[in-house]
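Build the full structure now, drawing on both the sequences and the hints.
In the numbering used here, the protein residues as written are 29 to 302.
Check the hints yourself; a few may be wrong.
What the hints assert, rightly or not - Here are the simulated lysine-lysine pairs, BS3-like style, with alpha carbons at most 27 angstroms apart:
hint, residue 1, residue 2
1, Lys295, Lys210
2, Lys105, Lys233
3, Lys178, Lys105
4, Lys178, Lys221
5, Lys279, Lys210
6, Lys210, Lys233
7, Lys178, Lys233
8, Lys210, Lys274
9, Lys100, Lys221
10, Lys295, Lys136
11, Lys136, Lys178
12, Lys100, Lys295
13, Lys233, Lys172
14, Lys172, Lys221
15, Lys136, Lys221
What the hints assert, rightly or not - The following label-pair restraints were derived from C-beta to C-beta distances:
hint, residue 1, residue 2, range
16, Arg191, Asp272, 20 to 26 angstroms
17, Tyr297, Ala33, 22 to 28 angstroms
18, Asp39, Glu209, 45 to 51 angstroms
No lab work stands behind these hints, which were simulated from the structure alone.
Quantities reported herein were computed from a predicted structural model and do not represent experimental measurements.
Glycine residues also receive a C-beta, built at the ideal position from the N, C-alpha and C atoms.
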Amino acid sequence: MDDNAGRFYIDDGVMREAGQPVDMGSGNAAMIYEVIRIIDGIPLFFEDHYIRMCSSFQAIGNVCRIGASELKEQIHKIAEANENTNCNIKFITFAEGGHQRTLGYISKSHYPTQEEISNGVPVGLLSLERENPNIKLLDHNYKKRINEIKSQRGLYEVFLVDREGNVTEGGTSNIFFVKGEKIITAPEEKVLKGITRMHVIETCKSAGFEVIEVSIPADRLGGADGVFLSGTSPNVLPVSSIDDRKYPSAKHPIVNTIRTAFDARIKEYLTMNR
Numbered sequence: 029m030d031d032n033a034g035r036f037y038i039d040d041g042v043m044r045e046a047g048q049p050v051d052m053g054s055g056n057a058a059m060i061y062e063v064i065r066i067i068d069g070i071p072l073f074f075e076d077h078y079i080r081m082c083s084s085f086q087a088i089g090n091v092c093r094i095g096a097s098e099l100k101e102q103i104h105k106i107a108e109a110n111e112n113t114n115c116n117i118k119f120i121t122f123a124e125g126g127h128q129r130t131l132g133y134i135s136k137s138h139y140p141t142q143e144e145i146s147n148g149v150p151v152g153l154l155s156l157e158r159e160n161p162n163i164k165l166l167d168h169n170y171k172k173r174i175n176e177i178k179s180q181r182g183l184y185e186v187f188l189v190d191r192e193g194n195v196t197e198g199g200t201s202n203i204f205f206v207k208g209e210k211i212i213t214a215p216e217e218k219v220l221k222g223i224t225r226m227h228v229i230e231t232c233k234s235a236g237f238e239v240i241e242v243s244i245p246a247d248r249l250g251g252a253d254g255v256f257l258s259g260t261s262p263n264v265l266p267v268s269s270i271d272d273r274k275y276p277s278a279k280h281p282i283v284n285t286i287r288t289a290f291d292a293r294i295k296e297y298l299t300m301n302r
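Written out as structure tokens, the structure reads:
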């Protein structure tokens, strides 16, 4: 919980005050985590997050024992206790000694500034593969390395390159390339199937764009007309550069169409769940 940004957190349904070290068990258990964005007190795309949380447990041969209604109730309690209804809430769930424990808290987050949205953000390539990209497992070493690289190189994000030389996903995001009228992204088996990614793909298709899932060679990125990333905090965010390659993504009409349509999708969800 080194990324806790709140005064209070929930431990197995019990509200506790932050500030004291939190017992995270022996550290041997696989830790499933989920980060849910809260907007005006409403957990965005909650149902999809809960389904993915359960799927992650199934992938490691376990069962998620916290119900959807209980998880949503904990979200509201965390937001209320911390007097913060616009934030990211992170849940970490793990089992030790036959007991499944769930921690929930407001996690540190960075929402794009208007300047980053208007100009795009710089990213760089990093040769790195996640062992189980389809499972949202907590990996402190992975997170530490990603953050160190971003800080050292002055990057908003890093795009991972696998052993075959293909760009797969961002360190904490998913990636999309625009080529003509088509949207290109890595195959879902190669990436974490982000909730935002899923909704962005649906948004692209609804807007009339063809989405192609295919391996993307790192040495052919210069052929893209525009690039954007997606994630819980950035939503849809234009990319201005990948290392020394420049892209006019923030001014690209297709990128802006998708970004605007996705924002409308969020507003529609919030309206339906008030």
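Checked hints:
Straight-line distance between C-alpha atoms of Lys295 and Lys210 comes to about 25 angstroms, which keeps the hinted pair within the 27 angstroms bound. Among the hinted pairs, Lys105 with Lys233 is inconsistent with the structure: their alpha-carbon atoms are about 36 angstroms apart, more than 27 angstroms. Simply put, Lys178 and Lys105 have alpha-carbon atoms about 33 angstroms apart, too far for the 27 angstroms limit, and the pair is violated. For the hint pairing Lys178 with Lys221, the CA-to-CA distance comes to about 22 angstroms; that is within 27 angstroms, so the pair holds.
Simply put, Lys279 and Lys210 have alpha-carbon atoms about 17 angstroms apart, close enough for the 27 angstroms limit, and the pair holds. A distance of roughly 10 angstroms separates the Cα atoms of Lys210 and Lys233; the hinted pair therefore holds under the 27 angstroms criterion. Distance restraint check for Lys178 and Lys233: the Cα-Cα separation of roughly 32 angstroms exceeds the 27 angstroms cut-off, and the hinted pair is therefore not satisfied. The suggested pairing of Lys210 with Lys274 holds, with an alpha-carbon distance near 19 angstroms, which does not exceed 27 angstroms.
A distance of roughly 21 angstroms separates the Cα atoms of Lys100 and Lys221; the hinted pair therefore holds under the 27 angstroms criterion. A threshold of 27 angstroms between alpha carbons decides the hint, and for Lys295 with Lys136 the separation of about 23 angstroms falls inside it, so the pair holds. A distance of roughly 16 angstroms separates the Cα atoms of Lys136 and Lys178; the hinted pair therefore holds under the 27 angstroms criterion. Straight-line distance between C-alpha atoms of Lys100 and Lys295 comes to about 19 angstroms, which keeps the hinted pair within the 27 angstroms bound.
A distance of roughly 35 angstroms separates the Cα atoms of Lys233 and Lys172; the hinted pair therefore is violated under the 27 angstroms criterion. Taking the CA atoms of Lys172 and Lys221, the gap is near 21 angstroms; set against the 27 angstroms cutoff, the hint holds. For the suggested pair Lys136 and Lys221, the alpha carbons sit about 22 angstroms apart, so the restraint of at most 27 angstroms is met. Between Arg191 and Asp272 the Cβ separation comes to about 23 angstroms, which falls inside the hinted range of 20 to 26 angstroms.
Checked against the hint of 22 to 28 angstroms, the pair Tyr297 and Ala33 passes, with Cβ atoms roughly 24 angstroms apart. The hinted window of 45 to 51 angstroms between Asp39 and Glu209 holds, with their beta carbons roughly 50 angstroms apart.
Checked against the numbered hints above, the structure breaks hints 2, 3, 7 and 13 and satisfies the rest.
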